[in-house]
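Residues per chain, in single letters:
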Amino acid sequence: MITVLILMPLVGAFFVSAAQPNYARRMALEFNAITAILVFMLWKNFDSTAAGLQLVERHAWIPAIGAEYLVGIDGLSLLLVILTSLIFPFAFLAQRMGRGSCVLMLIMQSALYGTFTAQNFILWFLFYEMSLIPAFLLIKIWGGENRDRAATKFFVYTFLGSVAMLLSFLGIYFAKGTFDFATLADLGKHGLLTGNMAWFAFAGIFLGLAVKVPLFPFHTWLPDAYETAPTGVAMVLTGVLSKMGVYGFVRLLLPLFPHEIQVLAPWLLGLAVCTIVFASLAAWAQSDLKRMVAYLSINHLGYCMLGLFAVTARSSSLIDMHAALSGVFMQIFNHGITAAALFYYVGLLEQRRGLRGIDDFGGLMQRTPLLCGWMSVAMFSSLGLPGLNGFIGEFLIFKGSFAVAASFTAVAVIGLLVTAIVFMRMMQALFSGPLAKSCNAFPDLGRNEKWVVVPVTLIMFAIGIAPQFMFNIFNTTVIQMARLFA
Amino acid sequence: MNHWIVANLWLIPAIPLAAALSILCLNSSRGKGAAALAVLGQIVALVMAVIAFVPTLQAPGWRAFHNFTWFTFGEQALRIGWVLDPLAAAMLVMITLVGLCIFVFSVGYMADDKNFTRFFAYLSFFSAAMLGVVIANSLLLLFVCWELVGLASYLLIGFWIDKPSAAAAAKKAFITTRIGDIGFFLGILWLYSGSGTLLFYDNGHGCLENAGLLLLGASATFVALLIFCGAVGKSGQFPLHVWLPDAMEGPTPVSALIHAATMVAAGVFLVARVYPLFSAGAIDGVTPSLTVVVSIGVITAVMAALIALAQFDIKRILAYSTVSQLGLMMVSLGVGGVAAGIMHLIAHGFFKALLFLGAGSVIHGCDHEQDIRKMGGLRWLMPVTFLTYAIGMMNLSGVPFFFSGGWTKEEILQATTHWHVSHLPHYLMLVGVVLTALYMTRQMIYVFFGNKRAASTHAHESPRVMTMPLMMLAGCSIVLSIALTPAWPWLHSYLNGEPAHFHIARLIQPMLFVSLALVAAGIGLGWLIYRNVAETDPVEQAQPALFHFLESKMWLDELYDWTVIGLSKMAARLSDWMDRNVWDGLVRAFAGLGQFFGIFSADFDERGINAGVDEATGGTRGLGRLMSALHSGQIQTYLRAAAVSVLALLILYAWLT
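Chains as they are written, first to last, in this note's numbering: chain A, 1 to 486; chain B, 487 to 1143.
Don't take every hint at face value.
[To be verified] DSBU-like mimics (lysine-lysine), calculated; alpha carbons at most 30 Å apart, straight line: (1) B/Lys649 to B/Lys600; (2) A/Lys437 to B/Lys600; (3) B/Lys1055 to B/Lys938; (4) B/Lys649 to B/Lys518; (5) A/Lys437 to B/Lys649; (6) B/Lys600 to A/Lys450; (7) A/Lys450 to A/Lys437; (8) B/Lys860 to B/Lys518; (9) B/Lys1055 to B/Lys860; (10) B/Lys649 to A/Lys450; (11) B/Lys860 to B/Lys649; (12) A/Lys189 to A/Lys176; (13) A/Lys44 to A/Lys450; (14) B/Lys518 to B/Lys600; (15) A/Lys450 to B/Lys518.
Source of the hints: derived by calculation from the structure; they are not laboratory data.
Given the sequences, and given the hints that come with them, work out the whole structure.
Written out as structure tokens, the structure is:
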């Protein structure tokens, strides 16, 4: 079933490439409907009370190098698979797309399903890299200003990280003879490697993932790439691709190197706090809306990192671990939804105005009240207003990290304040005041646009008010993982 | 019935919320329907609040709660719930009643606004969030509603969205209160890790009950102070009070509902609700956290009263008066007079809403003029407004007997005398009483007495829909005074959870004379100074420097602009600069290094290896050419070479032998 899910977008890509250009996007959406049904069935068949991997498919592949085809899902994988299937249709709906970009997007989608379900390093790495190339091409070919530079920076930076990671894993393989995640995690409990070898391996994987997330100070590729990427691609980049890094931290680094992370915990927590604070401050200083949202995206991923590093801190109690891990998983999903929505709204504004500077708009509330109203929901969700999705994850992360790293948490909450300032500034500049001349012909939300706006907003409210259905997905996984670190 | 209302207490906020949502779905042309829905929602909420009030009367200190699991993360269930006790019940009734009056008033006041429906949706939403704060039995649920209250306030302050000043004020309010909320949030986290629960009452396991407090131990002080940060922001206490006067940019009913009667009182309510955290480990009723509360309250009360003396905007005077009164309530809580503080909160809710609505009526009658220097002589033109305003003024100034505000203020003064740490707050509060009477007299004279001025020439009384709520609120503030007299301190006993007794002798106390004298002094002084007031202020003429210092709000806004705001903006720009130049600079340097190696190795390839290979091949080719030249294929040449060789060999042979 998982294999079918991974292959379905590829089949779609094949058909789309053969279709007439005018029907490309529609066909891509139809294939997304099929994958959505598949994911829904996956969710139905997933037993949320059972620990461990489910729906496993295992086949021998290249035994000589320890590579096997092994896919399966646990709560975290399922969460990310659901997120992927949610974001992609919205990304396709976000703007007109040619045949080429549709094909590339579908390939990327397939790669993402693979990344989130593969349980063997070689397979995982294959998918991981497979997602990078379409992203690079999408930015490079269909991007905005400075697209060559941004695309190259994005590709080379993340690829260098991947190479470091690959080297580390080769080292691990030569020492331990396996690429299987579960086996490695079991070994990791008692120290996977010893001496300098362990540190080198740790550094390589850490570097690869830190670039991907991104963690301060490895984040500078992100604003450039997001700024220039077309709306739909930016939505996918921030909504799903950025989660690959966090996923990697949870799946690889934390189980494999608990000891190393514990030793480095203060430094890592420091990096997470820097990510949170500096990114939010930098967002305040931006005047380009897309760049601003990009920085806020970094800021929100910083919360995930704070939670993750707090989980592994030595003195963490079980409740705090559960809180931090649940918070991180929640935040992964929430950030995916909210940040993608924000990019979508910025895209709508850009479509109408042709520009996207914060001062290019004014008084929109008088002209497009619906657009402003729905957009503010996403903004408030992003700034962590209780009652919307963002708050739940952030509260749990801070709850988990406060107990073990109170001072780091106390600094990190500055991020919450600055985020609020950024959004208040944005709302003041865009929505209020006299209607700007350049905006007085703006159409309000169209029917097609409502197809994105309404479901996304409903999800935000649903998670914010009654989040239990989300916790049900990953509670067992959280408990199991916490046991691993305890 | 009792059981039913406790289990369904959530309906009280849910009904206005439902009203808000249905109004949002209405077409903007259905103004009447929107107003009807909102008022109806408020009436139902009021009825339910009264139903909820009844069981709390059964026994002194009656308390019931209902807890449930919100969600389960890992193996831990996060529980929230609601509580019904005298504090919650009294607040519920006050909020719904004042809210209803304000809703009705708004129907008249906002009649011409093109966003009439949106206004009522926001108002109902606000009401729902505020009622949620009051019934919360979990600090987390309280925080959730608290933030929603902040959101509603933001939306309502910035309601006239095309006005840049309103948008700026809304932003300022949201951010300033959020600064306090960050502290509050940390307090919640600390409390949660310390006591393991965020429920207030949970059969002995709640964080306000002995077990929870014992777990917290000494950290209760810090938790209390962090929570107090939130109260400072919301209740406009120094140094976060700067947003409240600016919030007057919103429509006047909003100022009455949010920035006088209910939301700003939420901070005081919060401190009262988590009072066990503040008083944990108290010696003689004094803890460090309570001392902080008193100090902040005293500073706020006196400072705001002084500033109110030098304002000309009718609503800003009331705004500063609100700040000052909230400071007074905080002082009362800090010195241990919890009941007195809450009583004042409730009385203040009625009469301050009355004053704001009265001001709204004046503004409405004077064609949206807010400068008191342009009004004057309105007492004959707007008789109902004048009379009700005068009742509000008596309440606020602290005239006892018929006015609830007088009794509660006296009770607070009484409470401050019992504070062991210092008598300074007591004396400063007495000064505050004089100042309050003084600025209210000034305002009354400017607005209602003297000659007509520019804006009052066409002034007219407001329609019935606006004057009725005024009379209603005025009536409430007088009726309430019955339950507040020291002779029969019913509300006091009710809040403290003890039976009320009637003692006529307690009516006459020394403090009564002191406060009467001070109020009389304030009003008399005001009459003396302002009796012949013209367009300029007499104090301004006498003390221009001092007056301007107060008029410009002690330059606190400017001070914040230069320091906190300036520094944070600088930090933002610095982060951006670092990003572009340092962090990205490093990346670029790496890339440059890579490029350099690329170019270098290309060069080495070209000039070193490639050139060497070229050289070698060139030599081979040259040799080849030489050889091929030899192999010319001509027999003559070969024979010549053979002949020459043979000759050479012969010569060699001959020479050797």
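How the hints compare with the structure:
1. Distance hint between B/Lys649 and B/Lys600 is fulfilled; the C-alpha atoms sit about 14 Å from each other, no more than 30 Å.
2. About 21 Å separates the Cα atoms of A/Lys437 and B/Lys600, which keeps this hinted pair within 30 Å; it holds.
3. Restraint check for B/Lys1055 and B/Lys938: the C-alpha separation of about 47 Å exceeds 30 Å, so the hint is violated.
4. Only pairs whose Cα atoms come within 30 Å are accepted, and B/Lys649 paired with B/Lys518 is accepted, the gap being roughly 25 Å.
5. About 16 Å separates the Cα atoms of A/Lys437 and B/Lys649, which keeps this hinted pair within 30 Å; it holds.
6. Taking the CA atoms of B/Lys600 and A/Lys450, the gap is near 25 Å; set against the 30 Å cutoff, the hint holds.
7. Annotation: proposed proximity of A/Lys450 to A/Lys437 holds, straight-line Cα distance about 25 Å (limit 30 Å).
8. Restraint check for B/Lys860 and B/Lys518: the C-alpha separation of about 34 Å exceeds 30 Å, so the hint is violated.
9. At most 30 Å may separate the alpha-carbon atoms for a hinted pair to count; B/Lys1055 and B/Lys860 exceed this at roughly 39 Å.
10. About 29 Å separates the Cα atoms of B/Lys649 and A/Lys450, which keeps this hinted pair within 30 Å; it holds.
11. Restraint check for B/Lys860 and B/Lys649: the C-alpha separation of about 23 Å stays at or below 30 Å, so the hint holds.
12. For the suggested pair A/Lys189 and A/Lys176, the alpha carbons sit about 14 Å apart, so the restraint of at most 30 Å is met.
13. Between A/Lys44 and A/Lys450 the CA atoms are separated by roughly 28 Å; this keeps the pair inside 30 Å, and the hint holds.
14. Between the alpha carbons of B/Lys518 and B/Lys600 the distance comes to roughly 12 Å, so the proposed pair stays at or under 30 Å and holds.
15. The straight-line distance between the Cα atoms of A/Lys450 and B/Lys518 is roughly 28 Å, inside the 30 Å bound, and the hint therefore holds.
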